[in-house]
Amino acid sequence: MQEKRRESPCSRAFASFDAMFATVPALLMLLLVAQSSHFLVSEAAERMHRQETFDRLVSIADYVVKQGAVETDMSGPGERHPNWLDSGKLDNTLEAGLMQKAGLSALSITLDYPGQGAACIYRLVVVDDAKEIRKLYVCGE
93 MQEKRRESPC SRAFASFDAM FATVPALLML LLVAQSSHFL VSEAAERMHR
143 QETFDRLVSI ADYVVKQGAV ETDMSGPGER HPNWLDSGKL DNTLEAGLMQ
193 KAGLSALSIT LDYPGQGAAC IYRLVVVDDA KEIRKLYVCG E
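Remember, our numbering sits 92 above the position in the sequence shown when you count from 1.
Among the clues, some could well be false.
[Unchecked claim] Derived lysine-lysine pairs resembling DSS-like cross-links, with alpha carbons at most 30 Å apart:
1. K227 x K158
2. K181 x K227
3. K193 x K181
4. K193 x K158
5. K158 x K181
6. K193 x K227
7. K158 x K223
8. K181 x K223
Don't read these hints as lab results, they were simulated from the structure.
Given only the sequences and the hints, what does the whole structure look like? Please build it.
Structure representation (structure tokens):
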């Protein structure tokens with residue numbers, strides 16, 4: 093008669109521990125990959141948002157120095173002088189309208205340096221009849 097050999101409960105426990113120790117590194121690697129991909133996606137989204145804001149500010153600055161606040165000549169209908177600004181046209185109404193159209197949460201169009209904080213660009217302009225050369229700052233978020 094042949095005897096059946098029975099596995100001891102200890103050998104089955106060791107097999108369970110071996111399987112558990114084999115899966116832990118795989119799970120840790122999956123967790124690392126998931127965290128890394130989440131970080132990369134969030135960084136890419138942030139960079140894209142900053143680039144979109146910058147592009148909108150460039151468009152606003154170009155509009156202001158070419159049409160929005162330029163000096164107009166009374167000698168001819170619609171005669172405009174790009175980069176020659178009428179400082180009286182740089183008011184809150186212009187800012188509010190452009191901010192709403194561009195979809196920005198904040199917008200500042202000023203001839204004085206606004207300080208740190210928001211993304212800013214500037215354009216060199218000639219201001220009023222004195223024809224003083226200054227920087228026009230367009231800042232927003």
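Quick rundown of the hints versus the structure:
no.: 1; hint: K227 x K158; in the structure: holds (15 Å)
no.: 2; hint: K181 x K227; in the structure: holds (16 Å)
no.: 3; hint: K193 x K181; in the structure: holds (18 Å)
no.: 4; hint: K193 x K158; in the structure: holds (17 Å)
no.: 5; hint: K158 x K181; in the structure: holds (13 Å)
no.: 6; hint: K193 x K227; in the structure: holds (24 Å)
no.: 7; hint: K158 x K223; in the structure: holds (16 Å)
no.: 8; hint: K181 x K223; in the structure: holds (16 Å)
Violation of the numbered hints given earlier is absent; every hint is satisfied by the structure.
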